[in-house]
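Participant: All chains, please: the whole structure from these sequences, using the hints.
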Amino acid sequence: MNVQFDALQTYLSRFDIPVVESAASSLHFGVRITADFVSVSPVIAVFQGSDEIGREYISPLLGLRDYQARNLGNMANLPREHWGEFIRLATNLYRCYTSADALSVQLNPLTLINGEIAAVGCSMRVDESALFRQHHFLAELTDETYHARRGREVGITYLPLKGQIGVLSNGAGLAMATMDMIALYSDNTLLAANFLDIGNDLHVDKLTLALDLILSSPNVRTILITLFAAAHCVNAAQAILGAVQRDTPPIIVFLSGIDSDHGRSLLDGAKHPMLISAGTLREATRRAIHATTTGET
Amino acid sequence: MSILVNRENFVIVQGITGREGNHYAHEMMQYGTNIVAGVSPGKGGDWVHGKPVFDSVVAAVDATGANTSVIFVAAPTASDAIYEAIDAGIGLIICITEGIPVLEMMRIREYVSHTRTRLIGPNCPGVLSPAEASIGIIPGYLARPGKVGVVSRSGTLMYEIVHALTNVGIGQSTIIGIGGDPILGTSFVDVLMMFEEDPATEKVVLIGEIGGRSEIDAAEFIKSRMTKPVFGYIAGKTAPHGILMGHAGAVIQDEKSAANAKIAALKAAGVRIADNPQELPELMHY
Numbered sequence: 001m002n003v004q005f006d007a008l009q010t011y012l013s014r015f016d017i018p019v020v021e022s023a024a025s026s027l028h029f030g031v032r033i034t035a036d037f038v039s040v041s042p043v044i045a046v047f048q049g050s051d052e053i054g055r056e057y058i059s060p061l062l063g064l065r066d067y068q069a070r071n072l073g074n075m076a077n078l079p080r081e082h083w084g085e086f087i088r089l090a091t092n093l094y095r096c097y098t099s100a101d102a103l104s105v106q107l108n109p110l111t112l113i114n115g116e117i118a119a120v121g122c123s124m125r126v127d128e129s130a131l132f133r134q135h136h137f138l139a140e141l142t143d144e145t146y147h148a149r150r151g152r153e154v155g156i157t158y159l160p161l162k163g164q165i166g167v168l169s170n171g172a173g174l175a176m177a178t179m180d181m182i183a184l185y186s187d188n189t190l191l192a193a194n195f196l197d198i199g200n201d202l203h204v205d206k207l208t209l210a211l212d213l214i215l216s217s218p219n220v221r222t223i224l225i226t227l228f229a230a231a232h233c234v235n236a237a238q239a240i241l242g243a244v245q246r247d248t249p250p251i252i253v254f255l256s257g258i259d260s261d262h263g264r265s266l267l268d269g270a271k272h273p274m275l276i277s278a279g280t281l282r283e284a285t286r287r288a289i290h291a292t293t294t295g296e297t
Numbered sequence: 001m002s003i004l005v006n007r008e009n010f011v012i013v014q015g016i017t018g019r020e021g022n023h024y025a026h027e028m029m030q031y032g033t034n035i036v037a038g039v040s041p042g043k044g045g046d047w048v049h050g051k052p053v054f055d056s057v058v059a060a061v062d063a064t065g066a067n068t069s070v071i072f073v074a075a076p077t078a079s080d081a082i083y084e085a086i087d088a089g090i091g092l093i094i095c096i097t098e099g100i101p102v103l104e105m106m107r108i109r110e111y112v113s114h115t116r117t118r119l120i121g122p123n124c125p126g127v128l129s130p131a132e133a134s135i136g137i138i139p140g141y142l143a144r145p146g147k148v149g150v151v152s153r154s155g156t157l158m159y160e161i162v163h164a165l166t167n168v169g170i171g172q173s174t175i176i177g178i179g180g181d182p183i184l185g186t187s188f189v190d191v192l193m194m195f196e197e198d199p200a201t202e203k204v205v206l207i208g209e210i211g212g213r214s215e216i217d218a219a220e221f222i223k224s225r226m227t228k229p230v231f232g233y234i235a236g237k238t239a240p241h242g243i244l245m246g247h248a249g250a251v252i253q254d255e256k257s258a259a260n261a262k263i264a265a266l267k268a269a270g271v272r273i274a275d276n277p278q279e280l281p282e283l284m285h286y
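Sequence lines, in order, name chains F and S.
Sequence positions in the first sequence follow the numbering used here and run 1 to 297.
Sequence positions in the second sequence follow the numbering used here and run 1 to 286.
Just to be clear, a hint being listed does not mean it is correct.
[What the hints assert, rightly or not] Heads up, simulated SDA-like pairs for lysine to any residue below, C-alpha to C-alpha not over 25 Å straight-line: (1) K267(S) to A183(F); (2) K256(S) to D51(F); (3) K223(S) to D190(S); (4) K256(S) to D187(F); (5) K267(S) to R282(F); (6) K267(S) to L184(F); (7) K256(S) to L184(F); (8) K228(S) to A274(S); (9) K271(F) to A243(F); (10) K271(F) to Q245(F).
Please keep in mind that the hints were generated in silico from the structure rather than gathered at the bench.
Quick caveat: nothing in here was measured; it's all calculated off a predicted structure.
Facilitator: Next comes the structure, spelled out in structure tokens:
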């Protein structure tokens, strides 16, 4: 999640990092700290445009050491008399990075004003997993769509995509696999219209909302439901039947887990004209593709 | 036979008085796992499913000799629960909790690397050795004893593949969900190394997805060190770049973290890759 400029400028000022509105930059480099998933540590780097000049790996337990900031100032050809000031800036930036639970924070370019280093531009991305302790950034969730937010509030992860077949799964991996099956069995002529992970507990209200989210996209011509229902196949089938409207595009359901035969017979027994079940992922996907191209189940 | 989890694990459940902890403690006991106690700060002295509840991990370890912990506590306090288990000398920690901040996980990884503790997860379904023990939330009825080791970043996708293996009579030695986060205590390579050493494992199934480079690291390890055949499935071929697909770790940041790059690297290492996860058993020729 990106923090907007005004909010970020205020936030940085709490860490004594001035952001100035000046086009002229006397220092021709920037500094950034990012979470590096390869080394599993924060990395601080100085850079010029897209070229990195140098980097130091920060121990997440110890924090940034003065020598690391000094080395970077040296590598960026910062005159010696400003090394102390650069260490102060880098240390404050690391404090800001940890306080905000940032995934990345960047000051670029930097400029010298009366012996003090200031940023001309800045950006910061915050870890959404940390929002439980970063409430002040909740207002920044502006890049989230209305539908994605409605889903998140009840534990549904919904992302609109560009294809024609709506996907409803439990589990991120199974949802991605279902998307991939659509491309595989249609020779890439059809794609998923969305990613949707409904999470653990399946009940009518949640399924109703999930179908609502899927149908919010005007491209959806068919819905493919793939649930690994584990111990709840009968419950899952009942929840699906409770949530499906009379007037719906074709829905193809693949249920797997305990009592899946019973779950399937419940679905088939309902004799809903637009709802059919399938015994395998391949069969379910093929039927969804057929329904999309012909408009019939 | 198995890796990591067997009858010798004496397990405490951190968060046993919560809804999930309570439910899965019972499921694990039903499977035959040696659950010896629960930990819930402020609830010491209670009993859950006939097991004593302690206020701290160290008190639970002193009283029961526990060597393993499974963590169900909510994300805001989960990192503290992990440190507490490490400091109490727990040898194997399995963290089910989803949503621990990246910065916390970086600190935990550095801290745990100076100890003898192995951490699995977070944001994982746990570890199950069929007919021996289950630590976590993997549905026990899916598995049957056998000689295929299974390791996955995803939960329900792994269940579906284990189910498919069991349906055609292919049993498993151990099933491990390493977790869907970008920073994990245990990697594919760590688990492949254990399966390679385990005399009871003949073949390995690896279930990966987009994001990070743990499948690329796995491919390098398989190519240079692994003698046992590996079979795989990678999810997310049609996922768009730069968008988080449900799991905190499932995002294509660059070409190397895309599904096709991972599939190519694994194939080059001799791994047979299924197009359809449910049809993976057909590659195995048992």
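Participant: All the hints need checking, so say for each whether the structure fits it.
Facilitator: Status of the hints after comparison with the structure:
A threshold of 25 Å between alpha carbons decides the hint, and for K267(S) with A183(F) the separation of about 21 Å falls inside it, so the pair holds. Our distance criterion of 25 Å between C-alpha atoms is met by K256(S) and D51(F), whose separation comes to about 20 Å. With a C-alpha separation of about 15 Å, the suggested pairing of K223(S) with D190(S) holds against the 25 Å cut-off. With a CA separation close to 24 Å, the supplied pair K256(S) and D187(F) stays within the 25 Å bound.
A hinted pair counts as satisfied when its Cα atoms are at most 25 Å apart, and K267(S) with R282(F) qualifies at roughly 23 Å. This hinted pair checks out: K267(S) and L184(F) have alpha carbons roughly 18 Å apart, not beyond 25 Å. Taking the CA atoms of K256(S) and L184(F), the gap is near 21 Å; set against the 25 Å cutoff, the hint holds. Taken as a hint, the K228(S) and A274(S) pair is honoured in the structure, with Cα atoms around 18 Å apart against an allowance of 25 Å.
The suggested pairing of K271(F) with A243(F) holds, with an alpha-carbon distance near 15 Å, which does not exceed 25 Å. As the CA atoms of K271(F) and Q245(F) are separated by approximately 13 Å, the hinted pair is consistent with the 25 Å bound.
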